[in-house]
Every structure is written in structure tokens, then in C-alpha cells.
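Protein chains: 2
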Amino acid sequence: MIANHPEREQFRLENVLFALGNPLRLAIIDTLADGKELSCNALRPQDVAKSTMTHHWRVLRDSGVIWQRPQGRENMISLRREDLDSRFPGLLDTLLQVMHRQ
Amino acid sequence: MIANHPEREQFRLENVLFALGNPLRLAIIDTLADGKELSCNALRPQDVAKSTMTHHWRVLRDSGVIWQRPQGRENMISLRREDLDSRFPGLLDTLLQVMHRQ
Numbered sequence: 001m002i003a004n005h006p007e008r009e010q011f012r013l014e015n016v017l018f019a020l021g022n023p024l025r026l027a028i029i030d031t032l033a034d035g036k037e038l039s040c041n042a043l044r045p046q047d048v049a050k051s052t053m054t055h056h057w058r059v060l061r062d063s064g065v066i067w068q069r070p071q072g073r074e075n076m077i078s079l080r081r082e083d084l085d086s087r088f089p090g091l092l093d094t095l096l097q098v099m100h101r102q
Numbered sequence: 103m104i105a106n107h108p109e110r111e112q113f114r115l116e117n118v119l120f121a122l123g124n125p126l127r128l129a130i131i132d133t134l135a136d137g138k139e140l141s142c143n144a145l146r147p148q149d150v151a152k153s154t155m156t157h158h159w160r161v162l163r164d165s166g167v168i169w170q171r172p173q174g175r176e177n178m179i180s181l182r183r184e185d186l187d188s189r190f191p192g193l194l195d196t197l198l199q200v201m202h203r204q
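Respectively, the protein sequence lines represent chains A and B. Numbering-wise (my numbering), the first sequence opens with residue 1 and increments by one. Numbering-wise (my numbering), the second sequence opens with residue 103 and increments by one.
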């Protein structure tokens with residue numbers, strides 16, 4: 001089953017901010033920032049349960065932050081960089097700059 | 103009673119993003135963006151209960167987004183613009199630009 005992804009036009013700023021308003025989800029965005037696609041298992045911290053990650057993937061996917069692509073028994077995750085930059089110009093760049101400054 | 107406000111150094115990006123990840127709280131930030139101080143009642147939408155706003159003020163205050171200053175029976179609310187700009191350079195400006203573009 002391929003999960004639903006919102007169209008770019010459906011993104012809402014408050015949903016994206018909510019999705020990123022969590023340390024684990026913010027760290028995932030940082031990991032994916034250079035454009036790579038990683039499996040959900042590769043992105044999962046060892047001390048976090050798969051079911052907990054399922055929730056985080058849904059929040060990130062439903063807000064438009066990530067693509068989730070099924071491959072075998074896993075999902076491959078990547079950042080919707082182009083869509084986010086188009087809808088919210090400068091937001092992702094500013095967030096990444098601020099994160100690396102801290 | 104003067105409510106607790108975090109020091110600038112205690113701000114966390116994920117908490118600020120969470121605080122702004124809500125349409126009502128995001129709209130309040132837009133209203134306060136030009137530096138004015140308004141009473142909590144002036145900022146409360148007519149269809150939102152005071153108790154609901156108390157929750158929103160707490161989320162905004164605890165993350166470092168607003169100052170809450172008691173005056174008579176009300177609280178006066180203003181944006182912690184200088185502190186936010188210092189800790190997260192460009193974030194507030196980018197968010198306001200994106201909001202006005204939508």
C-alpha cells in the first residue's frame with residue numbers, strides 16, 4: 001500500500017511547523033537535508049520503537065515534509081525539498097542554518 | 103503573579119516550532135510582528151474560550167515566543183522579537199514572509 005501524500009498546494013505552514021516541532025523529527029530532516037533517500041530502519045534511533053516511528057512518519061508525510069516510498073518490506077524516506085522550497089521559500093534553509101548554528 | 107519566562111539561552115528550536123505549529127498561535131505572531139503589545143483579550147478570537155487561550159499563552163510563553171506582562175486584570179502580550187532573532191536568526195522573518203505570501 002502506498003500511503004497518501006498531500007499535493008504541494010495542500011501544504012499548510014502550521015502543519016509543517018508542527019511536524020518539525022519535535023526533536024526526533026527535526027533531527028530526521030537534518031539527516032535527509034542533503035537529498036539522500038534512506039530506509040525507515042536506517043533512520044530509526046535504536047532506542048525508539050517501530051510503532052513510535054510509524055507515528056512520526058505519518059506526521060511528517062501528512063504535512064508534506066517527506067516522501068515515503070515502499071521498497072520490499074521497508075519504506076524509503078526522503079525530504080520533499082523541492083515542494084517545501086516552492087511553497088515556503090527559505091524556510092528549510094533557515095531552519096537548517098539555525099540547527100547547525102546551535 | 104508573574105508567570106515564568108525562559109531565558110533566551112534556554113530556547114529550543116523544536117519548542118518554538120511546536121508553539122507556532124498551530125493556526126491560532128501562528129496568527130497571533132503575525133498580529134504582534136510589528137512590535138506592538140496587546141492585551142490577551144484584544145488578541146482572543148471571539149469564538150475561542152478564555153481557558154483555551156490560557157493554554158495557547160502558556161505554550162507561546164514557555165517556548166520563549168512571547169512576553170506576558172500583568173496589567174490590572176489582564177495580561178499584556180508582546181513578541182520576544184529580539185530574543186528570537188538572536189537565537190534563531192532569520193526564522194521569524196522567513197515565517198512572516200511565507201505567511202504573507204500565502
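Heads up, a few of these hints could be off.
[Claimed, not checked] Facing chain B, a subset of chain A residues (Cβ under 10 Å, in silico):
| # | residue |
| --- | --- |
| 1 | Leu13 |
| 2 | Leu17 |
| 3 | Ala19 |
| 4 | Asn22 |
| 5 | Arg69 |
| 6 | Pro70 |
| 7 | Gly72 |
| 8 | Glu74 |
| 9 | Met76 |
| 10 | Leu91 |
| 11 | Gln97 |
If you're looking for bench data, these hints aren't it; they were derived computationally from the structure. Quick reminder that beta carbons are idealized off the backbone N, C-alpha and C, glycines included.
Hey, does the asparagine 22/A contact hint survive, CB to chain B under 10 Å?
holds, 6 Å
Let me know if the C-beta of leucine 17/A comes in closer than 10 Å to any C-beta of chain B, holds or violated.
Given a least distance of 4 Å, the restraint on leucine 17/A holds.
Agreement of hint arginine 69/A with chain B interface, Cβ distance less than 10 Å
This hint is violated: arginine 69/A lies away from chain B, its Cβ roughly 25 Å from the closest one there, beyond 10 Å.
At a threshold of 10 Å, is the proposed contact between alanine 19/A and chain B supported by beta-carbon distances?
holds, 7 Å
Given methionine 76/A was flagged as interface, is its beta-carbon under 10 Å from a beta-carbon of chain B?
violated, 25 Å
Given hint glutamate 74/A near chain B, where the shortest CB pair must fall under 10 Å
violated, 26 Å
The hint names glutamine 97/A as touching chain B; please verify it with the least Cβ-Cβ distance against 10 Å.
holds, 7 Å
When the least beta-carbon distance from leucine 91/A to chain B is tested against 10 Å, hint result
holds, 6 Å
With chain B as the partner, please determine if proline 70/A meets the hint condition of a C-beta pair closer than 10 Å.
violated, 28 Å
Hint validity - leucine 13/A Cβ closer than 10 Å to any chain B Cβ:
holds, 6 Å
Quick check on the hint: glycine 72/A CB to chain B CB, less than 10 Å?
violated, 32 Å
Checked against the numbered hints above, the structure violates hints 5, 6, 7, 8, 9; every other hint is satisfied.
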